[in-house]
Amino acid sequence: MSMPSADPAHAAVRELSFGQAIREALAEEMRRDPYVFIIGEDVAEAGTPFKVLAGLVDEFGTARVIDSPISEPGITGIGVGAAMTGMRPVVDIMFGDFSTLIMDQMVNQAAKVHYMSGGKLRVPMVLRTTLGASRRSAAQHSQSLHTWFSHIPGLKVALPASPYDAKGLLKTAIRDDNPVVIMEDKMLYQLKGPVPEAEYTIPLGVADVKRRGGDITIVATSSMVYVALEAAEILHGLGISAEVIDPRTLVPLDTRTLLESARATGRAIVVDEGYERYGATAEIAAVIADGAFYDLDAPVKRMGAMDVPVPFSPVLEDQTIPTPAGLAQLAKGLCGRL
Amino acid sequence: MTGIATSATPPAEAPDIEHLLSMYQQMLTIRHFEEQVNTLYTTAKMPGLAHLYIGQEAVAVGVCAALRRDDYITSTHRGHGHCLAKGATVDRMFAELLGKEAGYCRGKGGSMHIADQDTGNLGANAIVGGSAGIATGAAWSAKMQGSDQVAVCFFGEGALGQGLLYECMNIAALWRIPVLYVCEHNQYTEYSHWSETTAGDILARPRAFGVLSEEVDGQDVRAVYDVTSRLVAQARAGEGPAFLVCHTYRFHGHHVGDVQRGYYRSADEEQRWRAERDPLVLLASYLAQQPFFEPGVLEHIEQSVRSNIAAAVQFALDAPYPDPSEVQQHVYA
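Sequence lines, in order, name chains A and B.
At the far end of the first sequence sits residue 354, using this note's numbering, and the numbering has no gaps.
At the far end of the second sequence sits residue 338, using this note's numbering, and the numbering has no gaps.
Hints are computed from structural coordinates only; laboratory data are not their basis.
For every residue, glycine included, the Cβ atom is placed at its ideal position computed from N, Cα and C.
Worth double-checking, as some hints may not be accurate.
Sample of chain A residues facing chain B (criterion: CB under 7 Å; computed from the structure) [to be verified]:
#1 P65
#2 M100
#3 T101
#4 D120
#5 H130
#6 G135
#7 G170
#8 L254
#9 G282
Listing some non-contacts, in silico: residues in chain B with all C-beta distances to chain A over 10 Å [unchecked claim]:
#10 Y46
#11 T79
#12 D121
#13 E172
#14 A238
#15 R241
#16 W278
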């Protein structure tokens, strides 16, 4: 990275919340491109239950920030059709758990239209929704189902972890000619971080090294980045230097950065809030095990959400997601420190 | 409501014979196209699945004749007729059905997924009712862009069991979206009579949303064309969505391999429809009654269609397959 004073993107940097960064990305793209519109349940005056979109309707009106009935398949399908005919819809699905309702439109329609038409039709659509537990919202408002979308050729999947990434990835997604799913951890919306005032975008498929280290690589997605950074701090106190890498997008996946780090450290753990069984951790661990095999000193380990429906009671729910202490413990063991 | 619309009432103006002949030619093209599909399939020259449109030609042709080239349609697994009626050419259609590079989708879509954006065809869909969102979204897109295009969503009565359709009709009515939902009621949802799968009154469903709804004799291409023209004009003028039930009949089975059909419908019933309700025969009879009409015209059309189809089949058989490297192309734009 160039010196801050020489980089116009860093000339003026504000602290924005994750939610504000998303709102700013949408506002900028809607000003830039009149074909961009937002459709979803209570996205206009209500600005969504998380207030992420608050105020957009004042600038762009109800013709471009469109409140829909509670009809997730309908609005997703309408988004696909609008995208195929010149618009750039941003479809807002209030909770990631409702992904179950829209799977035909995403999997059989959006993902396949370009391929099935021999490259003639395109679906430049963004689907924004949430992931993440620990909000005491129980089993139908707490799941992290990003792996479902990541499994389907034709879809791209982004999981921003910081306000900076949330803005840059969303702007890129809106400009992409493919369906892009962005899943935001609802626990991050209030998180603040530096966001340049100047325009920028972040390409899909480029990982970000959140912390440098030489003893072990921790690959972490979405809010698990913060679990990993806290674990890295614990490990630092034990004399173990952990490198934390956020792939930022699961599809496309920046395998080069992941493998370079794993080859250098010789040890890797993958942590993600989706279910561990058949999860994103399994795919990324396999990529590392395969690509860095001769440089690894230990098997690749992974941590995901416990394979149970997310329970309501806090004492139960808190056990289901990875914690810094648990991750540090696993890393310690992998580094031969028991 | 005065019941099913037909063309029995004489129109105020004299019939436009040229237009009727054009629709006759299109219906005949679909008929011969599908008969060739049957032959290609049963002689193992065509892979996959084939759902024939024979018997329903008046629906696709009557509806699409009321559309402009830049209007949108979405189609179904039984979609060859829609694609042809909207303007697709038979050579590239056959090529797609045979998985050839010259096909509309470079052989990647096949029989159930033909799309042709040049004629406004946003694609056939093999998920029953799956295109309701796409058609409604395309019409919404046209409205947002200030164009006066409309979209037609074709589906069979089997799709009346799918929730997406009702979500879209609700939204289309709320936002006055210029989309026409065309229900091709061919009486059989795969291998079951529609009465076993459909409760209540079909037209009461769209009417519950306040959607303008009509029904028409789907074997009468003139009636289909007339009612569609009216509904499309209203949608184009900003009056919102409409729903049209076309009563028709699938002369063949659900797919080409569905030949033992006695367990769900009688040979006698099929024979009656073929003998009495063939849309081509009905239009030919009407034309024959017109003053100064020369029957030789229909023979001429027949010869021309046959030779076009024969040339198109040969074109598709001779056409090369896509290069194997294309398998990974077009996953992403």
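Structure-based check of each hint:
no. : hint : verdict
1   : P65  : violated, 21 Å
2   : M100 : holds, 6 Å
3   : T101 : holds, 4 Å
4   : D120 : holds, 6 Å
5   : H130 : holds, 5 Å
6   : G135 : holds, 4 Å
7   : G170 : holds, 6 Å
8   : L254 : violated, 43 Å
9   : G282 : violated, 33 Å
10  : Y46  : holds, 20 Å
11  : T79  : violated, 8 Å
12  : D121 : violated, 8 Å
13  : E172 : violated, 3 Å
14  : A238 : holds, 21 Å
15  : R241 : holds, 16 Å
16  : W278 : holds, 33 Å
The earlier numbered hints that this structure contradicts are 1, 8, 9, 11, 12, 13.
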